[in-house]
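**Student:** Here is what each chain is made of, one letter per residue.
Number of protein chains: 2
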Amino acid sequence: MSDASELKTRVEERLNALLHETEGFTEGQIPGLLAESMRYSLLAGGKRLRPCMLLKACEINGGDVSSALDYACAMEMIHTYSLIHDDLPGMDDDCLRRGKPTNHVVFGVGQAILAGDGLLTFAFETMLKAAINGSILHENALKAIYAIARGAGVTGMVAGQCADLYAEGRGEADEKLLKYIHAGKTAAMFIGAVQAGAHLAGADEEKLFALTRFAANFGRLFQVTDDILDVTADADKFGKSKGKDEAEGKLTAVSLMGLEGAKRCAKDLCDSALDALGVFGEKGDYFRRLTLDMAKRTY
Amino acid sequence: MSDASELKTRVEERLNALLHETEGFTEGQIPGLLAESMRYSLLAGGKRLRPCMLLKACEINGGDVSSALDYACAMEMIHTYSLIHDDLPGMDDDCLRRGKPTNHVVFGVGQAILAGDGLLTFAFETMLKAAINGSILHENALKAIYAIARGAGVTGMVAGQCADLYAEGRGEADEKLLKYIHAGKTAAMFIGAVQAGAHLAGADEEKLFALTRFAANFGRLFQVTDDILDVTADADKFGKSKGKDEAEGKLTAVSLMGLEGAKRCAKDLCDSALDALGVFGEKGDYFRRLTLDMAKRTY
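Protein sequence lines, in the order shown, are assigned to chains B and A.
Residue numbers for the first sequence follow our numbering, beginning at 3 and rising by one.
Residue numbers for the second sequence follow our numbering, beginning at 3 and rising by one.
Among the clues, some could well be false.
Put simply, identical chains are the same to the list, so a pair is met inside one copy or across any two.
As the list claims (entries may be wrong) - Below, computed lysine to aspartate or glutamate pairings styled on DMTMM-like, alpha-carbon distance capped at 20 Å:
hint, residue 1, residue 2
1, Lys102, Asp72
2, Lys49, Glu14
3, Lys181, Glu207
4, Lys269, Glu38
5, Lys10, Asp95
6, Lys131, Asp232
7, Lys131, Glu207
8, Lys181, Glu14
9, Lys209, Asp287
10, Lys49, Glu284
11, Lys181, Glu25
12, Lys131, Glu141
13, Lys265, Asp95
14, Lys285, Asp273
These are computed hints drawn from the structure, not numbers from a lab.
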């Protein structure tokens, strides 16, 4: 089994190679400015969680990590595009991301829109090229790319963003809507990652279903944890219990269920995620550790 | 040979079916608001040129138009996303498109960004689903989707948009940059369309090359014609020869070569486009007529 930090390094090296620096405007090449703006956000660090999940899902089903690497990188490109667009004025209008000025602050709104559009399209270009030239069975490659498109798409991540934008500032305590937001914004891409990894390895239906169930629960746990930390981290820092999102009337797990309710919810999601991993035995340890580390943050 | 207006009708009916109306936020469904905003721009009319070119490229190479229909619809989704994002504040900041308020004027900037992101992702989702479930050889399907991704992508349409944004307001008479903009913004998607159609039909290298050469020239002709009409249409209307783009210092074929120079350029591009079609004999008539109709507008 590959070490998770080694996988992260491989993803980052490959991202850097796939999207190398260019200059000016030369036929057949990415414009220098476009490459720069895409690289600015893509290579800004981060846990590379989605690509690592894809690679691990491939590996524990007996697949070849090297053949899955470009698909993993595509996951990160899609994740990064979503952050760039999410930070734009008209969306969250954020100026800082991971301690650095956001893409549109550095490159301007128009170029940031294009950097996002470019990363999303380049993700598919990268996967399709790998599918055509690589050794993965074409049917499995198509299923993997389709799983990622669905996770990122109009019933997945984009759907979650739309619901989030709709809910903002309304202050409605709508449990169904909150689930929809969490499922779309976060869980859908995790599901896309593990399904893609499983398809690349030619996994059977049982394993595919188990990983899907895992990712659905882990994704919601991830988002509920985020909601909890938004409150408790602020409480630690400022000696008050009201977080930024809550203050702005944003619909979160904490605004809906209260802090204790959200913690109980996180515990349940953690249990369900771990339960889904049973079929993998020891091979599921990477996903088990991920889940427990996440849940621990809410204690 | 199918009639072009019949193909257009089939594309519009299929677009309407692929992206049907929904309501509210229901798990596994496109949010009602997202579907509405995507449909608003996607079903707003237009010539459906790119999908028709894809279908014709498939047909003249002996392929099955019905099997290519979802790929053709994906082309239109990608074209529509590019218009929505292009109209945004930070890009061209346009309030009207085809006589209707632009997407962001109706749905807000945030939702318009998501409508564009949604259409781009849904285009790939649609093609991949068709590839998995359809009768096209998987290798040919992958090559077709890859051709479309390249046409839309960071060395294609997004590259052209980036160069256009860079050139705006600089007023530099840079012929190389203008070619890059025209090749990227317009020709790249036409190339993607005809290559995809040819791949879906399993066309040989000679036919693929001929169609690529045709689309490269036709795409530039399309853009040069647009530049010419911007000036002459305004001259007709207002009795002056200075168009909007020129007045704003935008780099166009007319600002670079003058009106007569641009017309000569259009004539050359028309000749080259027609020349490339020789290999198809009578079967190339749809593309021939398209080219001559376009060139005629500049006389």
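**Student:** Checking against the hints above, which ones are violated?
**Tutor:** Hints 1, 3, 4, 5, 6, 8, 10 and 13 not satisfied by this model.
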